[in-house]
Amino acid sequence: MLVLTRRVGETIRIGDDVSICILDVQRGQVRVAIDAPREIPVHREEIYKAVQAENQRAADAARSHDPAALWKSNRRSEEKP
Amino acid sequence: MMNVVDTPRWGRIEVDPTKIIHFDTGMAGFPDCSDFVVMDHDRETPLKWLQCVDRPEISFVIIDPAQVMPAYTVDVPEPVMKMIGWNHEVRPEQVAVFVVLNCEGGNLTANLRAPVVVNVQKRLAFQLILDDPAIPLRHPIKHS
Chain A
1 MLVLTRRVGE TIRIGDDVSI CILDVQRGQV RVAIDAPREI PVHREEIYKA
51 VQAENQRAAD AARSHDPAAL WKSNRRSEEK P
Chain B
1 MMNVVDTPRW GRIEVDPTKI IHFDTGMAGF PDCSDFVVMD HDRETPLKWL
51 QCVDRPEISF VIIDPAQVMP AYTVDVPEPV MKMIGWNHEV RPEQVAVFVV
101 LNCEGGNLTA NLRAPVVVNV QKRLAFQLIL DDPAIPLRHP IKHS
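Protein chains in written order, with our numbering: chain A, 1 to 81; chain B, 1 to 144.
Next comes chain A alone, as it looks inside the complex:
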């Protein structure tokens, strides 16, 4: 892993077409501007990981459950007065 230090206003370039500019540093928070081609999605790590994990769990659960039965039972409980 490459570790490097940058000042506010400086940029890191990754390959030909990705650049990350440090905009601001305040109280332990860093604001960055990321410029990347549209085919490279950019996400906050924790959000992307959460969605990956949720997809995995949804695919796993889909194998062992009957979603239609769950759907209908939810509907029934909703229709009760």
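Take the hints with a grain of salt, since some may be wrong.
To be verified - List of simulated lysine-lysine pairs, DSS-like, C-alpha gap at most 25 angstroms:
#1 K82/B / K122/B
#2 K122/B / K72/A
#3 K82/B / K142/B
#4 K72/A / K48/B
Because the hints were derived from the structure by calculation, they are not lab data. Since this is a predicted model, take the numbers as computed values, not measurements.
Fit chain B to the supplied structure of chain A, relying on the hints for placement.
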């Protein structure tokens, strides 16, 4: 010419290659799953399946978000629009949006955070990841 896909859930299914929906970057966490077909679950429920063609063991239960959250809207960023083949104005009939359902533990929840957006005409799709942390990964479907 139909392709035959051997799925653990449905057995051997015939897939019309002209019905395949292509995800350039796969579903999140499944980068090698790029080709899918959408199948209705049955006639009684609005549930559908997003069945992977590349890996027949992978399938997701999906639904039109209007069925679980009528006020749900998705703002598709321009780069994503371009990625799935929209360069100009988009007509509503060219767009399909699905959300993935999770039935883990016998509770149905909808992932409103990462909707699947489909260009119906070109059959190109992308799983969007919305930035707003207030949008739930697991929206309970109890009172839809």
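Taking the hints in turn, this is what the structure says about them:
no. : hint           : result
1   : K82/B / K122/B : holds, 12 angstroms
2   : K122/B / K72/A : violated, 33 angstroms
3   : K82/B / K142/B : violated, 36 angstroms
4   : K72/A / K48/B  : holds, 14 angstroms
The structure shown violates the earlier hints numbered 2, 3.
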